Amino acid sequence: MSKSDPSLGQPESRAGLSRRARDFFILGFCFCGVLFLLAATGELDFIVAFAAMAVLASMAFAYFVGSAAFLPVRASSRTQAPTTVTRRLDSVQLLRALPLPAFEVDGEKRIVAFNEEADLILRLDGRINPRASTVIRSPALLSAIDRIGRGEGDESVSVEVDSGPDETWRAHVSRPTGAEQTLVVLEDLTPVQRAARARSDFLANASHELRTPLTALSGFIETMRGPAKDDTASWPRFLDIMAGESERMSRLIADLLSLSRIEFSEHISPSEQEDFTRIVIDATEALQPIANERSITLELIGEERALPVIAHRDEIMQVVENLLTNALKYTPADGKVTVFYGNTPSMVEARSKAGHGWREGERMTLLQAAGRPGKPDASVWLRVEDQGPGIEREHLPRLGERFYRADQSRGGKITGTGLGLAIVKHIMAHHRGGLAVETRLGKGSAFGIWLPAARL
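Taking our numbering, the leading residue of the sequence shown gets 1173, the next gets one more, and so forth.
You may find that some hints are simply not true.
Claimed, not checked - Below 20 Å or equal to it, Euclidean Cα-Cα: the simulated EDC-like pairs (lysine to aspartate or glutamate) are: (1) 1401 x 1412; (2) 1615 x 1471; (3) 1501 x 1417; (4) 1615 x 1573; (5) 1281 x 1339; (6) 1501 x 1564; (7) 1508 x 1419; (8) 1281 x 1324; (9) 1508 x 1566; (10) 1508 x 1521; (11) 1501 x 1419; (12) 1501 x 1465; (13) 1501 x 1457; (14) 1615 x 1506; (15) 1615 x 1532; (16) 1281 x 1352; (17) 1401 x 1471; (18) 1508 x 1457; (19) 1615 x 1564; (20) 1501 x 1447; (21) 1281 x 1291; (22) 1508 x 1486; (23) 1501 x 1471; (24) 1615 x 1549.
Just so you know, the hints here were simulated from the structure itself, not pulled from any lab data. Predicted model, so just to flag it, every value in this text is computed and none were measured.
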């Protein structure tokens, strides 16, 4: 390699030294000119000459030190590791490119870089370099960060973190080679666990609830093959019972599948904008023939203008139909079912409209809406009133449980699958809405729902 190899930066260094030598020459020439003038006028003596030499030396030293900072940097120096600020900017850009929540923790256990997904989960709220222990509530994750940061653990570890009700994350903690920070990447395990729980619940509920209709079908088939083999006159009655049990089994399977599907996606907020008024009108018109068969008046009260809402149309339609079906089921013939709906500027007012329509009666909120604390959210609401027998107070807290029927304790005829209100409750939880019940014994009951309206 020759001495003039540009990779060493020597041409730039020589140019810098040449400029400094020229500056020193000019400075020395001017100083000598001043001394010559003093000597010509007779003002130069030993003390003045000594002071002048001292001033010249000081100026030269100051210039030498000050100009060193402006010399060109050698290429070998420019290829060294970037500064801490540059590394931090690169880390932020890298974290932003990750699809998963991720953040970095430095040696002082402070969060120095993170992406938007991690900001939402950790709720940093604009805090600058907060300590990890102030925003992370998982001792296992804090311990893993501490071990990896000190280099005492493996190259990477994974721990499961419970961050809230029915929410579980897996944290992958590692320290890349040559890095000064500990990297934490979060993986959402909630959908997987919800799917496993829904599958387990579905199998348990299906095996329990299907046992009764299957036993009835098996018994009647055995009877028709055995003792009633020649009693053909009783077969129509047996077949009617078997058809009813078969229909009940079909409804049960459909409701269980619907409930499992809703639970699986309950943590994902809906994103479609729909017209709440149109949904209520369509659901009411769909059940009008059933009301006509029982001579029940089905009245709809509300404004006809569009009420935009962020929701899944089919799910909200199912909610309205389930509430109307229950109302029609318990209202006697020639009775009346009234459907009220509208919108309000806040969740509190929507809850009052949906769940507080009578002065006397028992009330209970079965599901509280998940609105933003301290901020009023425009909402839509629905209230379905029937003229049935009402519900005793002791049954109110259990409404919405799977397979729970309030009329079971009264010895009444049990119809349906007992999953209607459970489906309503889960759908409203999916839409961050609320569910309430109000009842008067001997006069009727009312179920109300409310959920956030679309922001215009």
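Going through the hints against the structure:
Proposed proximity of residue 1401 and residue 1412 is supported: the alpha carbons are some 17 Å apart, at most 20 Å. For the proposed pair residue 1615 and residue 1471, the alpha carbon gap of about 17 Å is at most 20 Å, so the pair holds. Distance restraint check for residue 1501 and residue 1417: the Cα-Cα separation of roughly 19 Å lies within the 20 Å cut-off, and the hinted pair is therefore satisfied. With a C-alpha separation of about 24 Å, the suggested pairing of residue 1615 with residue 1573 is violated against the 20 Å cut-off.
With a CA separation close to 25 Å, the supplied pair residue 1281 and residue 1339 exceeds the 20 Å bound. The straight-line distance between the Cα atoms of residue 1501 and residue 1564 is roughly 17 Å, inside the 20 Å bound, and the hint therefore holds. Under the criterion of a C-alpha separation no larger than 20 Å, the hint pairing residue 1508 with residue 1419 is inconsistent with the structure, at around 28 Å. The hinted pair formed by residue 1281 and residue 1324 meets the criterion: a straight-line CA distance of about 15 Å does not exceed 20 Å.
Between residue 1508 and residue 1566 the alpha-carbon distance is near 26 Å, which puts this suggested pair outside the 20 Å criterion. Between residue 1508 and residue 1521 the alpha-carbon distance is near 26 Å, which puts this suggested pair outside the 20 Å criterion. Simply put, residue 1501 and residue 1419 have alpha-carbon atoms about 17 Å apart, close enough for the 20 Å limit, and the pair holds. Restraint check for residue 1501 and residue 1465: satisfied, since their Cα atoms lie roughly 12 Å apart, inside the 20 Å limit.
Distance restraint check for residue 1501 and residue 1457: the Cα-Cα separation of roughly 16 Å lies within the 20 Å cut-off, and the hinted pair is therefore satisfied. Only pairs whose Cα atoms come within 20 Å are accepted, and residue 1615 paired with residue 1506 is accepted, the gap being roughly 14 Å. Of the pairs offered as hints, the one joining residue 1615 and residue 1532 holds, with about 11 Å between alpha carbons and a cut-off of 20 Å not exceeded. Between residue 1281 and residue 1352 the CA atoms are separated by roughly 12 Å; this keeps the pair inside 20 Å, and the hint holds.
This hinted pair does not check out: residue 1401 and residue 1471 have alpha carbons roughly 51 Å apart, beyond 20 Å. In summary, the hint linking residue 1508 to residue 1457 is supported, as the alpha carbons are separated by about 15 Å, within the 20 Å threshold. For the hint linking residue 1615 to residue 1564, the alpha-carbon distance of about 12 Å falls within 20 Å, and the restraint holds. Distance hint between residue 1501 and residue 1447 is unfulfilled; the C-alpha atoms sit about 27 Å from each other, more than 20 Å.
For the proposed pair residue 1281 and residue 1291, the alpha carbon gap of about 17 Å is at most 20 Å, so the pair holds. For the proposed pair residue 1508 and residue 1486, the alpha carbon gap of about 26 Å is over 20 Å, so the pair is violated. Proximity of residue 1501 to residue 1471 is assessed by CA-CA distance (about 16 Å); at most 20 Å being required, the pair is judged to hold. In summary, the hint linking residue 1615 to residue 1549 is not supported, as the alpha carbons are separated by about 33 Å, beyond the 20 Å threshold.
The structure is inconsistent with the numbered hints 4, 5, 7, 9, 10, 17, 20, 22, 24, although it conforms to all the rest.
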